[in-house]
Amino acid sequence: MTGENFSDRGMKHSVDWRLVVTYLLLILIGWVNIYASIHSEGPASIFDFSFRCGKQFVWILTAVALAALILFVINPGVWQSAAVPIYLFVLVLLVAVIFLGIEVKGSRSWFEFGPVRFQPAEISKISTSLLLASVMSQPGYKITKTKYFLLTALVIGLPMLIILGESETGSALVYAGFIFVMYREGLSGWWIFSILVAILLFILTLTLSPYVSVLVLLGIVALGVIVQGKRLDKWLPINLGVLLLLAFLPRLMGLAAGKWSFLEGVQPLYILLGICLCAATYFIYKGFVSRNRYLMLSALGVVAGIALVLSTDVIFNSVLQDHQRKRIEVLLGIKEDPAGVGYNVAQSMIAIGSGGLTGKGFLNGTQTTFGFVPEQSTDFIFCTVGEEWGFLGCALVILLYVFLIYRIVADAEKCRESFTRIYGYCVAACIFMHLFINIGMTIGLMPVIGIPLPLLSYGGSSLWAFTVLIFIFISLYRQEKKYY
Amino acid sequence: MIEGNGRRIKLMIGLMIVAAIILGKLFYIQIVDEKYKINATNQSMYYEIIYPTRGIIYDRNGKIIVGNKVAYDILVTPREVGPFDTLLLAGALGVPVEQIRSKMAEYDRNRRRIGYQSVVMFKQIPPETYIKFAELQYNFPGFRGQARSIREYPVNAGGNLLGYVSEVDAAFLEKHPGEYRPGDYAGKTGIEAAREQDLKGEKGYHIWLRNSRNQIEQRFQDGAMDKEAVPGHDIVTTIDADLQQFGQQLMQNKVGSLVAIEPATGEILTLVSSPGIDVSMLADIGQHYDEIIKNPHRPMFNRAVQANYPPGSVFKLVNGLIGLEEGTLRPEMLYPCAHGYPLGDHRPGCHGHKSPINLEEAIMMSCNSYFTFALREVLENKKYANIGEALDKWNEYAHSLGFGRKLGSDFPSELGGGLPTTKRYNKVYGKGGWKFATIKSMSIGQGEVDATPLQIANLAATVANRGYYIIPHIIKESEGVEIEDKYKEKQYTMVDASHFPKVVQGMWRAVNSGAGMGGTAWIAHVDGLDICGKTGTAQNSRGADNSVFICFAPKDNPKIAVAAYVENGGFGATWAAPIASLLVEKYLNGEIAEQRKPLETRILQGNLMARVKGY
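Residue numbers (my numbering), protein chains in the order written: chain X, 62 to 545; chain D, -7 to 607.
These are computed hints drawn from the structure, not numbers from a lab.
In this text the structure is predicted, and so the values were computed from the model without any measurement.
The C-beta atom is built at its ideal place from N, Cα and C for all residues, glycine as well.
Possibly wrong hints are sitting among the right ones.
Stated by the list, open to error - Per the computed footprint, the stretches of chain D lying under chain X, defined by three or more beta-carbons under 8 Å from a beta-carbon of chain X, are:
1) 17 to 23
2) 28 to 34
Stated by the list, open to error - Quick list of the computed label-pair ranges, beta carbon to beta carbon:
3) X:Cys339 / D:Lys29: 54 to 64 Å
4) D:Arg71 / X:Leu222: 49 to 59 Å
5) D:Pro169 / X:Ile240: 50 to 60 Å
6) D:Arg71 / X:Leu393: 43 to 53 Å
7) D:Arg71 / X:Ala259: 30 to 40 Å
8) D:Asn(-3) / X:Leu222: 27 to 37 Å
9) D:Asn34 / X:Val156: 14 to 24 Å
10) X:Leu122 / D:Thr45: 55 to 65 Å
11) D:Asn(-3) / X:Ile240: 13 to 23 Å
12) X:Leu393 / D:Gln279: 57 to 67 Å
13) D:Asn(-3) / X:Ser379: 36 to 46 Å
Kindly generate the complete structure, drawing on both the sequences and the hints.
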């Protein structure tokens, strides 16, 4: 550290201390809860190194050191220029770990150096964010141009695919969060909308039936077209009428089958699909002729949606792995499996649910203390919070995260450097995805996907990665404040 | 940037929505839905039940009649048992060696089902035996003793009065949903059942936390949430333990019942049903259950409150009192007796005595004819449109005197006897198809009149009180134990108090006229006690007549009213009157006078069992 650059005044005003404080609070909450969740095994002190809480203390110390290093020593300019080499280096690590790593719970994604393990997938979030920021901040970059879109997709897709290859579905899923960054930088909102609709169709097909799924798809698209065309009053009643008719088609056919036996072999779904395809062809043609791109795309969307619905079974049964399929089945309530796959979630919900408003109190949790909840200091750390601190504790933790994300985004928006802004969004997206997937999993909103809760879960690799991720941004933002 | 700020806002709204969804779900599972809390409790907490000791039952003088003592169950965990000296164990426990061998063989056959559990090998080993076992216990790994509180009976007050305590069964659990759990004990009959709520106490529990492998870890919150067992309330009964015991002795080898009431309070001093369950069997009734059930005299049947006996001549008092109140009978009225009711077939018959006689003499000599005339005047009273209406009125009177309905005592399973009713006769004979002659046997307490010994004793108490009674009861009010107000209120009969003195005088003369004067109950005379009594001899279709006697003493300010009922005992004066008078004498004098000792000996040694047919 050289004194001339850092007057007290400069530090006071350039560093976003609110982010730092939020970061520290979350780390402390994590540490206390790790201590609580292994309390029954008997560490006398929270610093006892033979237990996870003691080790976490060391991880925290090193993480804070790392943060200071990034904030005060490393020149923030380095990150943009080194983005490409770092990215490539991490890619090599990601591939190498498949061959050289050790196997932990069915996935080869960990390197082991003596007592220390680390997961390249964790660093990959940083490297991808850096390169993404670097690529997207190029002069002339426009995400709507196919060339740039593909380049961006490649930067995100490469590590994502390798991580999928390591069977680390959870970490790979985090990369889907970068779509929010792309959206911020100009990607059409229809992408996000389409993905949400696709997920909805997938769930509907699995839980109800393809027929319902296609019906909902039709309804959504038709509504979209009507709203877009501003012809609400004229078309809405007709549309509703047709949809209602279609909704009751299976029942009507069931009644009619009694009279006309030839109907028995005909499935309502096929009739519906027939109608849809005819209509879609017509609208694609009409849209093409009248140069109504929106209409054409909508019709294509229907076709794509139908394709998704029809292939749901194949995706579910052949593409997804066994354990993933079971986890989804348990989440959607298709199967109950309280002793097997459902055990984690059932126990986790019991632990959190039994916390009530104010919780059972520090170290008084019965579910988390006595080993009912598996993985409770790592992926299921939120259970300890839920059981011992109750709804209020949970709300506090969630609000801290929301504040962290909100603050990062707000800071990012203030930046003049596109690099810093885009990087900030990447950080926010990563934290958000972890938060949503992890907490969603513990309370039965998401399938069981093993990813840590940022800054709270036990583990050096994850803590360091998020520390670096966040503090690079704080450092970059400080740079902004200093020079502009 | 392209609409950058707008998109930021949209993304932030999205963030808020996701956070709201998560918080909403958290709110639901943590605050709205109780399911998770219940599940958490079920799987992590183990409630160790602490059983309370049952309340002690005292007599009216503070004597313990039912207490508690410690006994030991010998438990064995077959998996932990190694080779051991069966002879040594048999010697220590005082059981035949074959029994131990056969039990061990049985456990071996069932070893799969038993697993690591402990089973009860011997129940209720007394402490003296247990000490011998405990000294040698190191020789028998896998065996241990477990202390249990069981009932102890220092006074032989009779099993039917006290009742017994036993493990609840499925039917009992169904009747008391939520209150008991399998393995609990509850009072089944007698006082134990009547005051179960007071006696049982409250179970407590120690909460232990167990881990996911079902091992006990520690006390939950260091025992802060534990509940200690609350011992049951002690009960003070109205029973006089010494008198009860004496009553038991008097009724030994006789079938029937003996009930004594303190007239002024309605407190039951003695309540004997014979044959009864010996208290030595009560503590472990399960062992003796078969034996009790097979006894042809049905010892479980509590005759004192359940038997439907024809009251016989003691019921003449009821008819006399009703006649006086109705005005159809006046004490000075004379009726003839010609060895029976002179009209019709000379039935009911009567014994030889002078004729005609007045009310007092009729009571004293127990004249059947007199009371047949008296009841006829009541039932054929022109005041009423027909005999049916008159009988309805008669029923009202009898009800008010405690007959034909439950008295409402605090004794469980009390029954109410039965009275002849217009409805019944109309059904049997058709409306208008019956007249007084048809039903005249009820004049003397036969026919359709049935009463429990408790009701008969209550009649004695009512006459003693000159017109009212207090519902007989066995529980006294004591600290923490309340009794209903009805056990403190005077129940007035429909017969005015002014009519009672003549009746009382008749009863006094029946006892105190001296031998040869025609008084039926001279045998019950005790010098200085002024006993007033009325004999009864009730027909019994199952053999010899039943011997009945009611009395109270002293004549003024009576302290005790007694009913004795001895099945197949013959004349009232033969068994019932001596029994009742001995009880009165014992209660009032504390001992039996020298000149009455031979009578006492005759009664104590008397054995009527050969005369009584089993059921």
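Here's how the hints hold up against the structure:
| no. | hint | in the structure |
| --- | --- | --- |
| 1 | 17 to 23 | holds (count 6) |
| 2 | 28 to 34 | holds (count 5) |
| 3 | X:Cys339 / D:Lys29: 54 to 64 Å | holds (55 Å) |
| 4 | D:Arg71 / X:Leu222: 49 to 59 Å | holds (57 Å) |
| 5 | D:Pro169 / X:Ile240: 50 to 60 Å | holds (59 Å) |
| 6 | D:Arg71 / X:Leu393: 43 to 53 Å | holds (45 Å) |
| 7 | D:Arg71 / X:Ala259: 30 to 40 Å | violated (59 Å) |
| 8 | D:Asn(-3) / X:Leu222: 27 to 37 Å | holds (34 Å) |
| 9 | D:Asn34 / X:Val156: 14 to 24 Å | violated (49 Å) |
| 10 | X:Leu122 / D:Thr45: 55 to 65 Å | holds (59 Å) |
| 11 | D:Asn(-3) / X:Ile240: 13 to 23 Å | holds (19 Å) |
| 12 | X:Leu393 / D:Gln279: 57 to 67 Å | holds (59 Å) |
| 13 | D:Asn(-3) / X:Ser379: 36 to 46 Å | holds (44 Å) |
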